[in-house]
Amino acid sequence: MSKQLPVINLMGPTASGKTALACELYERGGFELISVDSALVYRDMDIGTAKPSKEEQEKYPHHLIDIITPLEVYSAAEFVEDASRLIDDIHAKGKTPILVGGTMLYFKALLEGLSSNLPSADYKIREEIESEALKNGWEAVYDELCRVDPFAGQKFKVSDKQRIIRALEVFRITGQPITKLQAEQPKNVPYRYQFENYALIPDRVELHQRIDKRLQKMWEIGFLSEVQSLIEKYDLNENIPSMRAVGYRQALEFLNKCDNNHVNLREMEDKALFATRQLAKRQYTWLRSLKEIHKIRTYLTIKNAQEDLLNYYV
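In the UniProt record's numbering, the protein residues as written are 1 to 314.
Derived by calculation from the structure, the hints in this document are not laboratory data. Keep in mind that a hint or two might mislead.
Unchecked claim - Here are the simulated lysine-lysine pairs, BS3-like style, with alpha carbons at most 25 Å apart:
hint, residue 1, residue 2
1, K291, K271
2, K257, K157
3, K281, K108
4, K180, K54
5, K54, K217
6, K93, K3
7, K295, K3
8, K95, K54
9, K213, K233
10, K108, K3
11, K217, K295
12, K108, K54
13, K271, K257
14, K95, K3
15, K281, K155
16, K108, K59
17, K303, K213
18, K157, K271
19, K281, K95
20, K59, K233
21, K303, K291
22, K95, K108
23, K257, K281
24, K217, K233
To be verified - Label-pair ranges, simulated between beta-carbon atoms:
hint, residue 1, residue 2, range
25, F151, D308, 37 to 45 Å
26, E81, K295, 20 to 28 Å
27, G29, I173, 44 to 52 Å
28, D44, E81, 47 to 55 Å
29, R28, R297, 45 to 53 Å
30, K59, H294, 28 to 36 Å
31, K180, G29, 44 to 52 Å
32, D89, Y123, 18 to 26 Å
33, A183, S120, 17 to 25 Å
34, R147, S53, 26 to 34 Å
Just so it is clear, CB atoms sit at the ideal spot from N, CA and C, and this is done for glycine as well.
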């Protein structure tokens, strides 16, 4: 059996400093960077995603940034396919890939593989489920899930809206519970890699301060104008996956509904801040879940991570 080649996974919640750390490693030579971010794949979505600038990307090239338009869909399965190809290409050059980002579903899919043959997303069905929730409440939608897939009902909470939508979507397409299909289907685990997993998990108070500063900077450098330009360039609506990204959803809703005086601007900014904090909370939850299965070395501060990783890999 051939020796497993190393793959560095650098995870963390939004604004935790993981990209800066990955770039420091890149500077030492022998590495290439692969983005693990479901928002950075979109072209023209730069400010709201905190995407590295053109100058930064020239200095620290990232794979899987700016690969599709905001009108397209990019799945976890596509990420695993693209990332695996890139990992092999980087290894063939004698280098080590660093996968850096905060989309934990992508990391989970790469580490554990994906159940095959599950149906692709059907956005008409998803809209139907969301309309039912709007009319009857999420409790009623959750009750339906418990009837058709009791095991999913045990796993999910009423607040797990996206997971409930996906489970009901699969049932309505296939007539079978998603938990049954997942249990029956084999997973394609990329055993040929030696994953070395690290995570930056700052104190939440500190992280919230970093998020606040990042969002404030985004508003100052023209995030709202960026979203307005996206509306003018593309036929966007709130149901397109790209516009579900935190910040973009709130800005799009504001621009579509606000008056000319921007009376509700502060309310929109507060909603975006809350959504970003909620994203970070979900990322913490994902990391705890991954740690139950995989060996992940965690760091409370960027400085500690820098000292450890730079000493180990350089």
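| query | Hint numbers the structure violates, sorted upward? | reply | Result: hints 1, 2, 4, 9, 11, 12, 16, 19, 20, 23, 28, 29, 32 and 34 break, sorted rising.
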